[in-house]
Amino acid sequence: MAAGVSGFSGIDNARGDFSESDTIGFFAIGDTHYFANERSTSELVDSSVVNCQGLIDTLNRLEGTPIPDLAGGGNVGSIRGVIHAGDIIDTGDKRGKIQESMQRREWDGYVADFGLTGTEGRLRYPVYEVHGNHDSPGGDGLAIEGLIERSKKRDVLSRSSNGLHYSWSWGPVHLINLGIVVGEDRKIEQRRRYNPMDSLDFLIGDLQQHAADLSTPVLITHHVDVVRYSKPCDGSDTANLGLEWNPCDVQAYYQAIQKYNVLAILYGHTHVRNIQNWDGTAQKAQQGIPLLNIDNSSHFSGGNQAFFYIEIDRREMRVRECATKDSWATHYWTPSLWRFPRG
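Take any residue in the sequence shown, note its place counting from 1, add 14, and you have its number in my numbering.
Calculated directly from the structure, the hints in this document are not laboratory data. It should be emphasised that the depicted structure is a prediction, and the values quoted were computed from it without experimental measurement. The beta carbon of each residue, even a glycine, is placed where N, CA and C say it ideally should be. There could be a bad hint or two in this list.
Derived lysine-lysine pairs resembling PhoX-like cross-links, with alpha carbons at most 25 Å apart [unchecked claim]:
1) K298 <-> K245
2) K201 <-> K273
3) K245 <-> K273
4) K201 <-> K245
5) K273 <-> K298
Ranges between beta-carbon positions, derived for each pair [said to hold, decoys possible]:
6) G317 <-> S56: 22 to 30 Å
7) S61 <-> K201: 39 to 47 Å
8) I218 <-> N51: 39 to 47 Å
Sequences are here, hints too, so could you generate the full structure?
Spelled out as structure tokens, the structure:
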């Protein structure tokens with residue numbers, strides 16, 4: 015598996031290895047939190063509109079533009095698409111008639127702005143999203159229904175039986191979207207706080223089918239961060255009931271992927287950028303699977319937002335962060351380049 019070194023368009027389901035000149039480039043965003051006005055649920059709050067549409071306009075204009083030397087230099091290359099790590103809307107975890115009306119407006123705002131394939135909305139690229147706890151902690155409701163319908167329209171390699179999880183390829187890279195958390199380990203009968211929606215079963219089957227060649231580069235996205243739940247499995251510990259991610263499911267997840275060539279795991283949820291390695295434990299790891307925790311990209315609560323620009327070629331994965339302090343009226347590149355040699 016790739017080890018992190020500190021200091022650091024569209025679907026292509028034809029597989030093969032990288033040529034010398036091939037580079038897969040994409041944006042990774044999260045926590046857009048489309049937010050409707052509780053007093054007038056047919057409207058989004060102004061700050062949500064400004065942040066979300068400003069994010070999209072920034073994504074649309076970056077291709078071909080220069081990157082400062084402090085962030086590695088060069089130019090933003092051709093973009094395959096945008097991966098969204100969840101919390102698309104803000105009110106999907108709440109109940110009541112007003113909240114249901116807010117959910118509808120928030121979801122409609124997302125669909126209108128982001129489209130699906132890069133031709134239907136404000137965004138000029140295909141978008142591949144997962145759901146988060148603000149979309150649906152229990153695996154039901156408007157956002158889940160909408161995600162399943164969107165998944166039916168995608169040209170994917172595989173799709174889960176419930177229609178929620180899916181995988182595709184960009185050239186040699188195999189990508190898997192797994193929802194809120196990965197689970198569940200069926201040996202553990204405890205109730206889960208967040209419903210994994212059978213994402214572990216889908217992951218195992220998908221890897222067996224599409225990454226049987228263990229050199230296949232794999233990139234996984236889910237919503238919740240993983241390290242703080244990387245504890246020993248104790249299926250009788252009642253403390254698990256209050257955790258966002260059951261540690262037994264986390265251990266089953268790590269066991270399912272550790273033999274594969276996982277380039278990185280993407281997630282959001284924490285509203286901070288964090289890049290580290292993961293060896294299946296909660297300890298700081300020098301080697302392991304790179305974890306790319308995306309900052310909130312267009313949250314309505316303020317002007318500070320960010321997303322990742324990621325490039326993968328035959329030698330390495332490169333990660334840069336583009337950020338703003340003024341709700342995407344302007345943007346800047348974080349003065350760092352994170353590099354992860356491949357294999």
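Query - Earlier hints that do not hold, by number - result: none
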